[in-house]
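> Residue numbers (the numbering used here), protein chains in the order written: chain A, 877 to 1195; chain B, 41 to 332.
Hints are computed from structural coordinates only; laboratory data are not their basis. Careful: at least some of the hints might be erroneous.
Computed list of lysine-lysine pairs in DSBU-like fashion (alpha-carbon distance at most 35 Å, straight line) [stated by the list, open to error]:
| hint | chain 1 | residue 1 | chain 2 | residue 2 |
| --- | --- | --- | --- | --- |
| 1 | B | Lys213 | A | Lys902 |
| 2 | B | Lys141 | B | Lys306 |
| 3 | A | Lys922 | B | Lys276 |
| 4 | A | Lys919 | B | Lys180 |
| 5 | A | Lys1116 | A | Lys1093 |
| 6 | A | Lys1194 | A | Lys1179 |
| 7 | B | Lys180 | A | Lys1033 |
| 8 | B | Lys244 | A | Lys913 |
| 9 | B | Lys246 | A | Lys922 |
Every beta carbon over 10 Å from chain A, so not counted as near; a handful from chain B, in silico [as the list claims (entries may be wrong)]:
| hint | residue |
| --- | --- |
| 10 | Tyr130 |
| 11 | Phe131 |
| 12 | Gly174 |
| 13 | Met181 |
| 14 | Asp182 |
| 15 | Glu243 |
| 16 | Glu269 |
Model, not experiment: these values are computed from the prediction. All C-beta atoms in this analysis are idealised placements derived from N, C-alpha and C, irrespective of residue type, glycine included.
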Amino acid sequence: MIAVPEMKLTREALADSLVRLGKINKNIVVLDADLAKSTLTNKFAKEYPDRFFDMGIAEQDVIATAAGLALTGKIPFCATYGVFLPGRCWDQIRVSICYANLNVKLIAAHGGVSVGADGATHQALEDIAMLRAIPNIVLLMPADAIEMAKAADAVLKHVGPVCIRMGREKVPVITKPEDKFEIGIANVLLEGSDVTLIGQGSLILYECLLAAEELKKKGISARVVNMHTSKPIDGKCIDKAALETGAIVTAEEHQVIGGMGSAVAEHCAKSIPTPIEFIGVQDRFGESGTPKELFEEFGLSAKFIIRAAEKAISRKRKK
Amino acid sequence: MFQGKNGKPDIKYIKEKAMAIRKDILEMLNAAGSGHPGGSLSAADFFAALYFAELRHDPKNPKWPDRDRVFLSKGHACPVLYAALAESGYFPVPELLTLRKLHSRLQGHPHMLKTPGIEISAGSLGQGLGIANGTAIGLKMDGSDSRVFCVMGDGELQEGSVWEAIMTSSHRKLDNLVAWVDYNNLQIDGKVEDVKGIAPLAEKFKAFNWHVIEIDGHSIEETLKAFKEARETKGKPTMIVAKTEKGRGVCFMENKPEWHGVVPNKEQLEEALKGLCVIEGPSKSQIENADA
Ligand SMILES: Cc1ncc(C[n+]2csc(CCOP(=O)(O)OP(=O)(O)O)c2C)c(N)n1
Ligand SMILES: [Mg+2]
Chain A
877 MIAVPEMKLT
887 REALADSLVR
897 LGKINKNIVV
907 LDADLAKSTL
917 TNKFAKEYPD
927 RFFDMGIAEQ
937 DVIATAAGLA
947 LTGKIPFCAT
957 YGVFLPGRCW
967 DQIRVSICYA
977 NLNVKLIAAH
987 GGVSVGADGA
997 THQALEDIAM
1007 LRAIPNIVLL
1017 MPADAIEMAK
1027 AADAVLKHVG
1037 PVCIRMGREK
1047 VPVITKPEDK
1057 FEIGIANVLL
1067 EGSDVTLIGQ
1077 GSLILYECLL
1087 AAEELKKKGI
1097 SARVVNMHTS
1107 KPIDGKCIDK
1117 AALETGAIVT
1127 AEEHQVIGGM
1137 GSAVAEHCAK
1147 SIPTPIEFIG
1157 VQDRFGESGT
1167 PKELFEEFGL
1177 SAKFIIRAAE
1187 KAISRKRKK
Chain B
41 MFQGKNGKPD
51 IKYIKEKAMA
61 IRKDILEMLN
71 AAGSGHPGGS
81 LSAADFFAAL
91 YFAELRHDPK
101 NPKWPDRDRV
111 FLSKGHACPV
121 LYAALAESGY
131 FPVPELLTLR
141 KLHSRLQGHP
151 HMLKTPGIEI
161 SAGSLGQGLG
171 IANGTAIGLK
181 MDGSDSRVFC
191 VMGDGELQEG
201 SVWEAIMTSS
211 HRKLDNLVAW
221 VDYNNLQIDG
231 KVEDVKGIAP
241 LAEKFKAFNW
251 HVIEIDGHSI
261 EETLKAFKEA
271 RETKGKPTMI
281 VAKTEKGRGV
291 CFMENKPEWH
301 GVVPNKEQLE
311 EALKGLCVIE
321 GPSKSQIENA
331 DA
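Work out the full structure: start from the sequences and follow the hints.
Shown next, in the form of structure tokens:
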């Protein structure tokens, strides 16, 4: 049995990282849109009031202003909920940030159904799909608090637009301090040979780990991969999974249309065609409920992942 | 090297430059076969005054950190900006004829990563003022005395994002920012006042806590006076509301919405160039426009 892990907020890990990095790098500025208490950028605001800009409830203005700040050499981090960023300011992200390839970092908070009681309007489920089609941007969803801290360093080092997606809830800490984090390089959490479970965000990755444990009892060896980067997608890791396990399940708190799973499938289709099953939100809007209830309602928990794994394996081409 | 406010501006020279810019606009659009003459011509006098009297810049060093910034928010009017840049020496004037061609540095809408002197990528209306705010804030943080000029269309003001930015500029007291509105009362579908009126414009900006100057946008003298007033205004951003005429300088284009996005053919180009001359004072249609 997997030990019950410690639960931590990734948004707090990011907020603390910004405070840490803000001390070293004076070019870091943070912009928010009246949600600093929720995204926790208020920590940065308290520490560096001269480098924090609350732009009011005006998401398009956040992005345009950030573009202008980047033109003067600042490194803006822009935070608000993922439904509004990119939802409200996609065109600004496309033209003013990505076309110009400016060094602006986006923080899309409250990703996934696990946002819970606030319901559909506040659960970002389409953000990856919206952003993935834009050239020049890097898309990350670090798994847990430990990985988020490392990702923050990597994001700062990377010159160009990046979006960091994160959930609202405390999530299980499943990575280790000594694990490497590199943008675009997925991490294998568990080795296996019959099927690969590719997850994003530790809430669902933990379900993948539970599923792998159950599958093991049935004699099925499942590999579990932490695909923290949706773009650029780690093709090498996917090829390895396809060759060595022959079946894939993707699992994410996002629509199955256009998300990380789609990126995996696009790669497979042109590299090593492999049966894939997609765990995620199946083309419907979110609902109010507890995160646990919603994971059942939307088919994201371990039992659904197990079923998907068996189905993917059954679809393998007979040798 | 920069032309500008140290020496006394030479009005006659600026007017000649406005003429040259208009000629460039017509020729490059004819060569391109598509593009936007109306909103380019209406801003020609402003760009001549800006680049040849006011701006602190160095065409041989486009990334000079101490330069003033020009953000063309209404990106479709880029022919006027390309012409001003070429006439200033950022790139050769003949290159203007590559406008809109494959692999040209002169894209159909301006791209900052391709063209020297282009500060922002634009073409989607309603974003430039917000970017100008960010740069004005950044310049102030760095203790720089460089200034930011942002050029907007009057139809563009229908975009909500512009008003988000308008609130930011005054809230943050960006007195290093000058916005110029090309108040030609035309957009694609007709008169701005018919499509979705924006009047009374000056009063709106005043209510949003801007310093507002209303001028005849084709008067070099009034434009230079407005620049001076903007320079001397502290604690507030300055909005220059410039009454203009779309297609200004070409008789058959003046005040005609059809000439927003249609270019002159060879015969029309010849006719237009023949008719171009230094125009003094407001034209008849402009007076009607001002009353609207
Ligand atoms: C966001 C956006 N919507 C629509 C357009 C298409 N468009 C290009 S120019 C234009 C009219 C602009 O009118 P105005 O701002 O008055 O410019 P001007 O009269 O100076 O040409 C429109 C609707 C666009 N470029 N961007
Ligand atoms: Mg107009």
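> Any of the earlier hints contradicted here, and which numbers?
Hints 12, 13 and 14 not satisfied by this model.
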